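Full structure from sequences and hints, please.
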Amino acid sequence: MVSRKIKFGLSYFGALLICSASGTQYLFGTYSTALADKLDFSSVEINTIGSAANYGFFLSGPFFGYIIDNYGTRKTCLVSSFVIFTSYFLLALTYNKILPNGFLLCSLYLLFMGMASAAGYLASLTAVTKNLAAASSKRGIALGAPLGLFGLSAFILSQINSHFFKSNVYGFLIFVAIWTGLGHFIGACFLVIIPPSPVNEVVVISTKMPLIHKSSNGLDDRHELHEQREICGRDLFQNGDARLLFIAILFIGGTGLMYINNVGSIIKSLYLASIVNHQPPSIIQQRIELHRLINFHVSLISIFSCVGRITSGLFSDVAKNIYKLRRLWFIVIAGLLLLIGNVICGFMVKGLNILWIASTLVGLGCGVMFGIAPTITSEWFGVRKFGSNWGFISYAPAIGGQLFNLIFGVNFDYHRKKYYHEECFGSSCYSTAFYFSSAGNVISIFISLGLLFWRHKRDKIRWRWIRETEYVRYIQEEVVEDIMNFERGGGGSCSTSVDNNISNDVNGNTIDPGTFKNKVHVITEEEESEEGQVVIHKQHGIISSDITEATKEDNEGEIQKLKNCEINSGSSNYGSIPPVKQSLNYIH
1 MVSRKIKFGL SYFGALLICS ASGTQYLFGT YSTALADKLD FSSVEINTIG
51 SAANYGFFLS GPFFGYIIDN YGTRKTCLVS SFVIFTSYFL LALTYNKILP
101 NGFLLCSLYL LFMGMASAAG YLASLTAVTK NLAAASSKRG IALGAPLGLF
151 GLSAFILSQI NSHFFKSNVY GFLIFVAIWT GLGHFIGACF LVIIPPSPVN
201 EVVVISTKMP LIHKSSNGLD DRHELHEQRE ICGRDLFQNG DARLLFIAIL
251 FIGGTGLMYI NNVGSIIKSL YLASIVNHQP PSIIQQRIEL HRLINFHVSL
301 ISIFSCVGRI TSGLFSDVAK NIYKLRRLWF IVIAGLLLLI GNVICGFMVK
351 GLNILWIAST LVGLGCGVMF GIAPTITSEW FGVRKFGSNW GFISYAPAIG
401 GQLFNLIFGV NFDYHRKKYY HEECFGSSCY STAFYFSSAG NVISIFISLG
451 LLFWRHKRDK IRWRWIRETE YVRYIQEEVV EDIMNFERGG GGSCSTSVDN
501 NISNDVNGNT IDPGTFKNKV HVITEEEESE EGQVVIHKQH GIISSDITEA
551 TKEDNEGEIQ KLKNCEINSG SSNYGSIPPV KQSLNYIH
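Residue numbers for the sequence shown follow the UniProt record's numbering, beginning at 1 and rising by one.
Quick caveat, the hints were computed from the structure, so don't treat them as lab data. Note that the structure is predicted; figures quoted are calculated from it, not measured.
Below, a list of computed lysine-lysine pairs in the BS3-like style, where the Cα atoms sit at most 27 Å apart:
hint	residue 1	residue 2
1	Lys-166	Lys-97
2	Lys-97	Lys-38
3	Lys-320	Lys-130
4	Lys-75	Lys-130
5	Lys-324	Lys-457
6	Lys-350	Lys-417
7	Lys-460	Lys-324
8	Lys-320	Lys-457
9	Lys-417	Lys-38
10	Lys-7	Lys-75
The calculated label-pair distances, taken between Cβ atoms and stated as ranges, are:
hint	residue 1	residue 2	range
11	Tyr-71	Lys-97	31 to 41 Å
12	Gly-233	Ile-357	40 to 50 Å
13	Leu-325	Ser-167	46 to 56 Å
14	Tyr-414	Ile-461	44 to 54 Å
15	Phe-8	Gln-286	46 to 56 Å
16	Lys-97	Arg-458	55 to 65 Å
For each residue, glycine too, the CB sits at the ideal point set by N, CA and C.
Below is the structure:
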């Protein structure tokens, strides 16, 4: 039998392979200008085609999230491999005028390409998230690697285009069709959600620390527990945190996609302005130089998007686990990076010499946002319906992308019509659009900061209430020994006094000592790793400090017996022992 580690390794490899073939919507800028020139599309039409890919990718998220959560990852990816291959193949035939051309037809191809990419992308993230459900402290970096390859796929393909295809757009589109189709198909053969190991419910009670432990930043360490509630469907739409997160991602993702989809038009305008006062090169030389410049900036965006996705996962794990900082700070950082990049491109760039700074910042900002947002979604709203939840949250970049792409396209066409040859020169062609995108980034930053303040304030109130109303003193040694009697099957003092050995609960029901066998385990100081918190090892591997999160569905009866096992204040060699039933009820 193949071990769980080998299964996980193969599944993770499949997720990486699929993600490396699912980010090709960011490749659109590489061939968008060639597509527009050959098929005579306007700026609004070419932006509509680019937006169709984003629509297909982001708006199909809830549908594929539901399919993946209910029907599995492998079948979904097998279907997506066929769809993504067919979409690029038909686009290549249309570009070569083998099939009838039309921007609506091209939009349809890229719409299906985006949907297939979303299916593979969501299946990969869902598999990784569920397979690592127990390792929440490492979830950021675990998701960062496939997300990084997702962002890097455009760079890999743009470099292949530069070195092997150059201006052969038809051949390049055929290659992309084969690359993406095979990537999804081979990855699907390995991708699997590993069933949880059959671990019994275990309650770990420390002899050293109180049941409620205050962390170094003054908040209850269990506040992350409340972020792991299973929220989905209608509850997600009614959740205030989800709505604010959605709006922040809408502006950050929308402004980023505006730049990514239109970087080819920006470069062309700046390039034409740079040669207007000089002897212009031949048309072929212009196309070769434009092709080189566009590939360079697409590669730059892709590289730093990959860096942002990986580093945001790694650094957010460090910030959360060591410095007790919230992952939401990285959404603020992403907004700042996009704001600086948009300001530079819209108001400071007058030539191609410093445009690379804007491309770097936009790629990095988008990478940070798309790298951290799935992790936040899984932690705030749970992993059981992660596919559906992230699918709904993914609506935000699609809506924002269409909004800002439309603003850019209308503004660009307005300035282009001023020239008799319908070519626009210089930054004046598009700078107005960056007023709107910069304002959008400012809004996203304020929303993220407001959400940070609100969650911090809410957790402080929660901790203060816990301290004032549900304070629990140290678990005394005699109580621990009494619980150990149940583990050994010898009965215990589940009664009104720790000095009595009565195996009835407060309702008069007989408690079978075997109920607690393999359910309760007392750790020593050497074994203690959670600093005295109550820890539940859930049957599916999740570790939680909330006594009821482990047993809401499986062992409600056993936990009810634990609740009924009230230990009132009694005398012992160690003094009085406080009642604990009330705190168990609160934790529930």
